[in-house]
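There are 2 protein chains.
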Amino acid sequence: MTSPGDYSLDLARRAKVAARTLAPTLGQTKNRWLHLAADALIQRTPEILSANTGDVTAATQANLTAANIDRLRLTSDRIRAAANGLREIAGLPDPVGRVLNSNVRPNGLHVNKVSVPLGVIFFIYESRPNVTIDAAGLCVKSGNAIILRGGREALASNIALHAILQDALREAKLPVDVVQLVNSTDREIVGQLLKLDRYIDLAIPRGGESLIRRVADEATMPVLKHYMGNCHVYVDQSADLTMAEAIVINGKCQRPGVCNATESLLVHTDIAGKFLPRVTAALTAKGVELRGCPATAGFAPGVTIKPASEADFAAEFLDLILSIRVVQNIDEAIEHIAQYGSGHTESIVTRNLDAARKFTTEVDSAAVLVNASTRFNDGFEFGLGAEIGISTDKFHARGPCGLQELCSYKYVVYGDGQVKG
Amino acid sequence: MTSPGDYSLDLARRAKVAARTLAPTLGQTKNRWLHLAADALIQRTPEILSANTGDVTAATQANLTAANIDRLRLTSDRIRAAANGLREIAGLPDPVGRVLNSNVRPNGLHVNKVSVPLGVIFFIYESRPNVTIDAAGLCVKSGNAIILRGGREALASNIALHAILQDALREAKLPVDVVQLVNSTDREIVGQLLKLDRYIDLAIPRGGESLIRRVADEATMPVLKHYMGNCHVYVDQSADLTMAEAIVINGKCQRPGVCNATESLLVHTDIAGKFLPRVTAALTAKGVELRGCPATAGFAPGVTIKPASEADFAAEFLDLILSIRVVQNIDEAIEHIAQYGSGHTESIVTRNLDAARKFTTEVDSAAVLVNASTRFNDGFEFGLGAEIGISTDKFHARGPCGLQELCSYKYVVYGDGQVKG
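Chains A and B are the protein sequences, given in the same order.
Residues in the first sequence are numbered consecutively from 0, following numbering that gives the first Met the number 0.
Residues in the second sequence are numbered consecutively from 0, following numbering that gives the first Met the number 0.
Calculated directly from the structure, the hints in this document are not laboratory data.
Among the clues, some could well be false.
With a Cα cut of at most 27 Å, we get these calculated DSS-like pairs of lysine-lysine [claimed, not checked]:
id, chain 1, residue 1, chain 2, residue 2
1, A, K285, A, K305
2, A, K419, B, K285
3, A, K15, B, K224
4, A, K285, A, K273
5, A, K172, B, K357
6, A, K285, B, K419
7, B, K273, B, K15
Being a predicted model, the structure only gives us computed values, none of them experimental.
Using the sequences and the hints given, assemble the complete structure.
Right, dumping it as structure tokens:
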């Protein structure tokens with residue numbers, strides 16, 4: 000029986016060796032693997048579903064919520080979608096080896112800033128086996144070795160998927176250690192891996208805030224964090240109210256359980272008397288529970304609006320609940336967002352250029368939108384392709400993290416004998 | 000008497016408030032401050048020199064090394080140079096608000112990736128008071144508030160400089176808390192500040208490896224690390240040997256005490272018989288102590304070459320000492336660098352295109368040079384302008400860190416009512 004320490008060290012060392020081979024690998028070889036893996040996932044669907052059925056049965060017996068079981072469950076359609084996701088990643092440009100910036104110095108040195116893989120990524124994520132496929136695809140395409148540690152409820156499914164991904168690596172003549180799986184639910188292994196900054200270049204935790212905090216506390220390597228999204232829509236006094244209503248309804252109702260859903264509505268007092276009655280009625284009709292400041296209730300008589308607490312303004316509901324506040328001016332809206340927001344996504348609805356410029360300049364969030372739904376903050380919508388998460392950090396990567404955000408760079412400098420004077 | 004915890008919290012909170020005001024400040028206002036500060040440094044030179052004399056006297060009594068005292072000492076010339084440094088920073092383009100990437104989506108959303116300041120930077124550095132001026136200049140120009148914590152030997156000098164920098168902030172009508180100084184040598188304050196990731200966005204430690212490791216261990220915010228530079232020159236079999244000799248001599252001897260000095264020489268066996276006698280003789284004439292593998296000594300009879308240990312190959316000598324190894328081929332050179340190198344700077348001397356491409360692709364260092372001295376890896380030489388340090392990390396910033404590396408970005412998205420389908 001290997002100890003958690005030895006197991007982790009072996010995994011991390013093998014990942015580092017594999018990463019060195021993968022880094023200079025041609026794009027066509029990485030793309031071949033993506034297509035081989037996609038084909039194999041389709042062909043070996045029965046084997047995947049059989050493993051997944053075991054996970055789902057155990058989760059049902061363990062009384063997991065219906066939502067969690069839904070996230071755990073694979074179907075032929077979901078496997079096909081994940082396989083197509085790999086093919087889409089194959090179609091994206093290679094993020095490695097691009098000259099990001101170039102500079103000829105007065106002494107003739109050609110200085111090129113060239114994108115390179117980060118190296119080894121330790122990815123800790125929810126019990127969602129389709130994420131195993133997406134994450135492996137993104138990491139290999141960006142030239143990184145990945146160590147996967149999925150939620151324990153998905154272990155059998157992940158073992159089946161991992162075997163298929165590794166078989167495709169063999170077929171593509173890539174090192175199998177490019178994609179490794181923590182083949183155990185022992186939490187001690189996670190702790191051990193987080194200490195191995197000598198071999199692991201980045202940890203990406205996904206899931207609840209407590210998991211992310213634990214990883215950030217324990218990790219000796221950099222951590223790409225994705226904390227919560229408490230996203231705001233501010234409806235300015237000059238807003239087109241029909242547009243504003245559509246943006247609020249879409250942000251709140253289109254998919255309330257995700258991080259870029261709208262959680263809080265701020266309304267300029269000058270249009271609150273016109274806007275709040277219609278938007279609160281429309282939201283109520285959609286089944287949204289409203290929690291407002293005292294002024295909100297005053298502007299929308301006849302609509303059920305519960306009093307909002309401080310905690311409501313700070314909350315990420317991930318549900319059909321919306322906090323509402325009437326503000327005296329745009330400065331108060333920006334101040335409210337600075338105080339209660341999570342720096343994820345905020346939107347202003349306005350026809351006033353000064354207001355748009357002020358809001359986009361002064362609101363310090365990963366994405367600041369003008370006249371659009373908060374739901375657009377994701378990698379596909381921003382044109383980055385697939386994403387491994389949405390960073391709420393300001394360091395290295397902010398907002399959606401796609402292939403480019405999984406890369407670092409180095410300076411490659413060509414001279415013809417220059418020495419320093 | 001304020002406790003270290005209260006003192007740190009007050010400093011950090013005030014920095015955060017000041018950073019919010021500074022972030023959208025116009026470039027011309029920041030540049031005005033840089034010029035006002037430069038003028039004031041010149042005008043108030045006697046006051047600075049008086050404080051510095053106190054520091055130098057105390058350091059002499061405390062038996063600091065001559066090198067350390069030299070780094071601590073300010074002169075009129077050095078103050079003038081630092082003031083000119085601020086004026087040069089004023090002349091650089093504003094790093095904030097640049098559109099780094101732009102993308103029009105099929106639905107009409109205009110997605111712009113825009114550079115923004117990181118926020119609050121906690122800078123921990125050596126007893127070099129001129130660095131106080133450089134660091135404040137770089138941080139303010141990049142829209143960041145800075146908390147300065149210099150070495151304790153320089154405290155009186157830093158207090159004098161800080162007063163001048165803050166007076167210039169008042170004159171430029173910028174918040175004085177944009178530049179704050181830890182006005183105490185209590186180490187507990189450093190520990191407390193490193194816990195305040197709610198207010199501080201980045202810690203940058205400069206100095207010895209043990210300080211950097213301590214900061215990296217204790218910090219709850221990201222840390223930009225600058226570990227050692229064990230820099231290699233590999234002389235390929237096709238190298239122009241006159242060029243190779245000049246590059247080795249320059250890398251080792253031009254300024255041996257800095258991180259981009261050459262510490263190790265790798266020589267292809269096919270040209271070792273021609274190259275080693277001349278380069279070792281030239282190095283010996285320059286007073287360089289040589290520590291070589293057994294083959295090195297064999298190729299250079301009559302030259303004093305001590306046997307190199309494993310520790311010598313891993314060492315950053317920062318002195319007139321060079322380790323030398325004969326390698327069978329370029330792969331062995333790349334492998335040696337992977338094993339012993341620090342990922343800082345490596346150079347290949349070659350006339351062979353395949354060798355140059357292989358070396359630049361497979362060597363994983365912040366800077367990889369072809370036919371040029373390792374001494375060129377710095378911000379000025381690469382065209383970034385002034386730098387706050389050279390990162391040996393791969394995350395966020397790698398290599399020289401100038402104004403752009405002190406920035407993050409956000410997505411600013413303009414629509415006309417888009418909602419997600």
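Taking the hints in turn, this is what the structure says about them:
1. Pair hint K285/A plus K305/A holds up; C-alpha atoms about 16 Å apart against a cutoff of 27 Å.
2. The straight-line distance between the Cα atoms of K419/A and K285/B is roughly 17 Å, inside the 27 Å bound, and the hint therefore holds.
3. Distance check on the hinted pair: K15/A and K224/B sit about 21 Å apart at the alpha-carbon level, within 27 Å; holds.
4. For the given pair, K285/A sits about 20 Å from K273/A by alpha-carbon distance, which is consistent with the 27 Å threshold.
5. Using a Cα cut-off of 27 Å, the hinted pair K172/A and K357/B holds, with the two alpha carbons roughly 20 Å apart.
6. With a C-alpha separation of about 17 Å, the suggested pair K285/A and K419/B falls inside the 27 Å cut-off, and the hint holds.
7. The straight-line distance between the Cα atoms of K273/B and K15/B is roughly 61 Å, outside the 27 Å bound, and the hint therefore fails.
Comparing the model with each numbered hint stated earlier shows that hint 7 is the single one that does not hold.
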